[in-house]
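Chains as they are written, first to last, in the working numbering: chain Y, 397 to 719; chain W, 397 to 719; chain Z, 50 to 377; chain R, 50 to 377.
It is worth saying that the hints were derived from the structure and are not from the lab.
Quick caveat: nothing in here was measured; it's all calculated off a predicted structure.
Beta carbons are placed, not taken as given, at the ideal position from N, Cα and C, and that holds for glycine.
Check the hints yourself; a few may be wrong.
As the list claims (entries may be wrong) - Listed next, the in silico BS3-like pairs over lysine-lysine satisfying Cα-Cα at most 27 Å (straight line):
hint: 1; chain 1: Y; residue 1: 506; chain 2: Z; residue 2: 310
hint: 2; chain 1: Z; residue 1: 105; chain 2: Y; residue 2: 506
hint: 3; chain 1: W; residue 1: 506; chain 2: R; residue 2: 311
hint: 4; chain 1: Z; residue 1: 311; chain 2: Y; residue 2: 506
hint: 5; chain 1: Z; residue 1: 341; chain 2: Y; residue 2: 506
hint: 6; chain 1: Y; residue 1: 639; chain 2: W; residue 2: 595
hint: 7; chain 1: W; residue 1: 506; chain 2: R; residue 2: 128
hint: 8; chain 1: W; residue 1: 506; chain 2: R; residue 2: 312
hint: 9; chain 1: W; residue 1: 595; chain 2: W; residue 2: 639
Said to hold, decoys possible - Simulated coverage check for chain Y against chain Z, where a stretch passes if three residues somewhere in it have a Cβ under 8 Å from a Cβ of chain Z:
hint: 10; region: 461–475
hint: 11; region: 498–506
hint: 12; region: 526–540
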Amino acid sequence: MKTMTYGEAIRAGMTQKMREDDTVFLFGEDVGPFGGCFGVSAGMHGEFGELRVRDTPISEGVIVGAAVGAAATGVRPIAELMFTDFVTVGMDQLVNQAAKMRYMFGGHLKLPMVVRLPSGGGIGAAAQHSQSLEKWLAGIPGLKVVYPSNAADAYGLMLTSIEDDNPVVFFEHKALYGVPSEVPDEMERVPLGKARVAKEGTDVTITTYGKQVLDAMAAAQTLAAEGVDVEVIDLRSLYPWDKEAVLASVEKTGKVVLVSEETKRGAYIAEIAAYIAEEGFYNLDAPIVRVGALDTPVPFAPALEQTMLPNAEDIVNAVRKIL
Amino acid sequence: MKTMTYGEAIRAGMTQKMREDDTVFLFGEDVGPFGGCFGVSAGMHGEFGELRVRDTPISEGVIVGAAVGAAATGVRPIAELMFTDFVTVGMDQLVNQAAKMRYMFGGHLKLPMVVRLPSGGGIGAAAQHSQSLEKWLAGIPGLKVVYPSNAADAYGLMLTSIEDDNPVVFFEHKALYGVPSEVPDEMERVPLGKARVAKEGTDVTITTYGKQVLDAMAAAQTLAAEGVDVEVIDLRSLYPWDKEAVLASVEKTGKVVLVSEETKRGAYIAEIAAYIAEEGFYNLDAPIVRVGALDTPVPFAPALEQTMLPNAEDIVNAVRKIL
Amino acid sequence: MNLSDDKMRAMMKTMLTIRAFEQEAQNQFAMGLTPGFVHLYIGEEAVATGACAALKEDDFITSTHRGHGHIIAKGGDVKYMMAELFGEESGYCKGKGGSMHIADASKGILGANGIVGAGHNIAVGAGLSAQYRDSGQVCVCFFGDASTNQSTFHEALNLASVWKLPVIFVCENNGYGISVSQERHQNITDISVRAQSYNIPGVTIDGNDVLAVYEAVFEAVAHARDKKGPTLIECKTYRHRGHFEGDATVYRTEEELMEWKKKDPIPRLKNFLTDNEIMSIEEIDAMEAAIKQEVEDAVVFAKESKVADLASVVHDVYTDIVEEARVR
Amino acid sequence: MNLSDDKMRAMMKTMLTIRAFEQEAQNQFAMGLTPGFVHLYIGEEAVATGACAALKEDDFITSTHRGHGHIIAKGGDVKYMMAELFGEESGYCKGKGGSMHIADASKGILGANGIVGAGHNIAVGAGLSAQYRDSGQVCVCFFGDASTNQSTFHEALNLASVWKLPVIFVCENNGYGISVSQERHQNITDISVRAQSYNIPGVTIDGNDVLAVYEAVFEAVAHARDKKGPTLIECKTYRHRGHFEGDATVYRTEEELMEWKKKDPIPRLKNFLTDNEIMSIEEIDAMEAAIKQEVEDAVVFAKESKVADLASVVHDVYTDIVEEARVR
Ligand SMILES: Cc1ncc(C[n+]2csc(CCOP(=O)(O)OP(=O)(O)O)c2C)c(N)n1
Ligand SMILES: Cc1ncc(C[n+]2csc(CCOP(=O)(O)OP(=O)(O)O)c2C)c(N)n1
Ligand SMILES: [Mg+2]
Ligand SMILES: [Mg+2]
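Given these sequences and hints, build the entire structure.
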């Protein structure tokens, strides 16, 4: 075991694949000598050179679009958008092209590409640099979507995502980049679509992903002190997602709290809730409670931002509601 | 009472407001002399002239973006995108600008603008011209979202949407344009956020909107023949949405089927389902069943497309599941 | 010019094939046999033909909603194309794509596209891939005049220029984006001036002169293979039909159409070939008859084909996951 | 030139105010007192100042992530600006916007913007509104060199040109988009060439010469008010600080910075004013001292302010709906 930050793990995943496979390359705004706005690709330009770690102009449309055209013609590009919020200018390429080309063309094409999207709030970056927009992409047929919560998963999911023959959207939480956690010496692939039970428990299931896994674990600790035994499921992949793991846990606990940093209304966790209400209804002993951000843009002032975003306390309160 | 098609009703709503208020104007691709790709603005260029019914270049970004800038500076623009699918190239303007400007600027601004989005499948237009993407916009704080199912609502909601001081996304179903229905002689405003009980019933609640209201009514008829008394709720507005009406109906029937043409996974109806599972749980006697499109892009061949899209039969089957 | 007689005969054949295919597509649509939208290329055949004649088999093209001509010129098979228009399993896309989404990756055809301007970006990606792999391939990107106002045009040309990607941007300026004439959608006459924004070569040529198109694209391809980057080529042309079938074309005059019909690229090449004794009129007639037959056979093929098994609707979304089907 | 001495004094004052505000913003950020990102305008003051001096009060501007200078030049109050940087309720946006989102609609300031290129479109909308209302207003759109590769640049200039909208596009070419130098993000030297793509006037000027900026914008404003449409003005300039505070600027040399510091627009205007006896050095010093005081007062104001009531976080999303608050 060794310790790595989440950001380092993402870099390690990209680096390992680029060493193993020379069709893999990275491009995006300031990913080169600058090392990326959050330092995630620091040093990679030095190791791999200009052609494989390449700075683009500020043109998100063609960043994603070029990844599509490249993936369709024999290479495995990784495209970084500096902030998830900028996917607004690359949506056509991602949703109307990447996601649909294989299907529209009758299956005669594969598109091995990864689009990295640094997400989430908590750094005082305000409404246009702090969004969580999983719901836009996790519900689009043709895309796979992952969202790691820790270094080992970030590393392992990056390997798997690059190796996948379909477009994979790789969400990263900006507030996690500097957070260290343990990584095995020999990193294994983390399969897409498999959740991780972050903590076993019998009383309530908290299902979440990304940064909120940390909040959920903190909440579980608080609740443990009160004698409540919480199970925490880290989805890791939003599509495909691990229906079996979630239904099994709900069967055990009968109670579920879903957590995400998206604004609550219309968040992708509504899909999980709806699925449980459809397929696991008879195992439910209590309402399905969702915790999300308030239904507003992300405000600038830290105190306001912290009010708007969900936290461990909100999760504790949500669990208490259904005990 | 008179009879109008859905398309005529949308035109009537725009026309009435343009006569009443000379700050209202319409622009978009081919909306001028051509009358719009689906004929919705036919004749309006003749009545209002070049400045008020204006053809744009193919530049969806600036179509929406110009609406934002115009709305912020004293006029009430209506922008048409020819197909909802093209909102992919106007997402930034809609989500990062229109939806957030008021909030980011501390409330010192209003943005009275309407963006019209012709949606949905059923006309053999394939994957990039047939999408339903309500989930992208109905969950964005700062936007209001409506989706009429008939001429009277289309007319009344258009009046209200134009008069609203916030950005309103106006979804229209392409397959409804030619469908006639009754409209009162003196059209009243339809308030945003108020559902309509399309049919009263006591056994099961079908909650839906847009074209699927017609399918739901057909399903209700089939089921009535079997002695099942279905209540059909037409949401009309997706945000704000009528939580009270839905919860009240579920309280009465104890059973709910949600229907939408979006691909089922992550559809906005998941929000309605999750909300019911959270706030109306103890009134539920059966699983919440959702009916949506299959989880694929929209295929071209009519037989495939009809397989992919939800229909009345699917709704009947969904209801039967929980009887 | 470096054009062999064989090459010219091949171009004649391509142009005639496109014309015949489109006329048949028009008929079938009029009879209600092909669903959805269909955008015909009649009148613009010289562009696709001249451009693709300058390419190798493993080069790439990206196409548009008006894509039949490009696909035929790059070697697409009219049988599978026609079957796709009919929505049959034997079509290029198994009936999942239709007219606007025909592709054949094995021939470097990266797809027609229903989103105006989307091809610009995809072409840049193909060029990037070719450069990255140092494969010597190039990509020709076809697009209309009105698409040059899309966001993608700008981002694509800028990136291709600054990275010196092997992409040839071929603009088919037919004077209209649906009903909106060029002077109403942009304030320029020659779209090739836009090359200056990216400091790349830009030329305007007669798009109804297949030899001129060939020459311009040939030069641009050499430039691209030389690692000197992209070129913008504007081809002035005209579509004889409406924007899509069913369009009453109220936005243009009969005279304008007549003027352009006089400049039809097909009689023009025929005359050139006969005048220069490269082909006799009899040879051309025989060629045309054979092509008509091929296209008629394609219709028969399409009509004899069946729509795919409905269960297949959930296939082909991913390489590995098969989505849940519906039990009705 | 049609510049009165008063106007020149006012420009001096604006430039000094921007500089003083930015230096104070730098200090406060360094002390950790202002959260988030801050992008400083030091070195570029002549552009905002010269451009806004050519405007009337009811004209519009759109700004960028590097917006403080534009906002001050268009009449923004440093007190409310500083309070916004601190995230206080007394700030322009009640603490909801921060540095990147300051706006003051009452002064025609349609907002700084965190999305590179978003202002291009909004400016076109303001121009459209002005044209529609026949109000005689114009809109100045400020943006950086790197933003001219965004989709929005192209669509906005095209629409403004074809509709002859009263918009003046003012490009602040400081040679970089974050770490990427101009030659690495586009293959042109003078961005004003891009005007040719839209057949509108395009000029490149010394952006550190406030009088040159004023003159160019003045002319463009007259052109716009004359209903002749937009102009593109490229102002060559340089940012003395990093892209944002905290940027180690590894991508550029100390020499380059030093060269540009020699061309600092502020001493330049000072010299012009004293050489031409429009202001004495004492007058300028006094002006500067008063401005310093004003900015220090703004910091005091900001520090004495409080963050908004947390309950207000759910206000201001809509004009009518108040979102649900959270009970923690
Ligand atoms: C992004 C987008 N906007 C609008 C459309 C609708 N549309 C399809 S073709 C077309 C006109 C295209 O004109 P041009 O690029 O000149 O090509 P042409 O049809 O003349 O060959 C339009 C507006 C679309 N398909 N995609
Ligand atoms: C759409 C979008 N892409 C990327 C960014 C990140 N970003 C912020 S400022 C900037 C550089 C802008 O450069 P330029 O336009 O030259 O303005 P300057 O900072 O030099 O004033 C970038 C890449 C963004 N905010 N928005
Ligand atoms: Mg055209
Ligand atoms: Mg710059």
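Now the hints, each set against the structure:
1. For the suggested pair residue 506 of chain Y and residue 310 of chain Z, the alpha carbons sit about 42 Å apart, so the restraint of at most 27 Å is broken.
2. For the proposed pair residue 105 of chain Z and residue 506 of chain Y, the alpha carbon gap of about 23 Å is at most 27 Å, so the pair holds.
3. About 45 Å separates the Cα atoms of residue 506 of chain W and residue 311 of chain R, which puts this hinted pair outside 27 Å; it is violated.
4. Between residue 311 of chain Z and residue 506 of chain Y, the direct Cα distance comes to roughly 45 Å. Violation of the 27 Å bound is thereby established for this hinted pair.
5. For the hint pairing residue 341 of chain Z with residue 506 of chain Y, the CA-to-CA distance comes to about 35 Å; that exceeds 27 Å, so the pair is violated.
6. Our distance criterion of 27 Å between C-alpha atoms is broken by residue 639 of chain Y and residue 595 of chain W, whose separation comes to about 35 Å.
7. Taken as a hint, the residue 506 of chain W and residue 128 of chain R pair is honoured in the structure, with Cα atoms around 24 Å apart against an allowance of 27 Å.
8. Our distance criterion of 27 Å between C-alpha atoms is broken by residue 506 of chain W and residue 312 of chain R, whose separation comes to about 42 Å.
9. Proximity of residue 595 of chain W to residue 639 of chain W is assessed by CA-CA distance (about 18 Å); at most 27 Å being required, the pair is judged to hold.
10. Residues of the region 461–475 of chain Y lying with their CB closer than 8 Å to a CB of chain Z number 12, which satisfies the three-residue condition for coverage.
11. Look at the region 498–506 of chain Y against chain Z: 9 of its residues bring a Cβ nearer than 8 Å to a Cβ of that chain, three or more, so the hint holds.
12. Check result for the region 526–540 of chain Y against chain Z: holds, 3 residues qualifying (beta carbon to beta carbon below 8 Å, three or more required).
Checked against the numbered hints given earlier, this structure breaks hints 1, 3, 4, 5, 6, 8; the rest are met.
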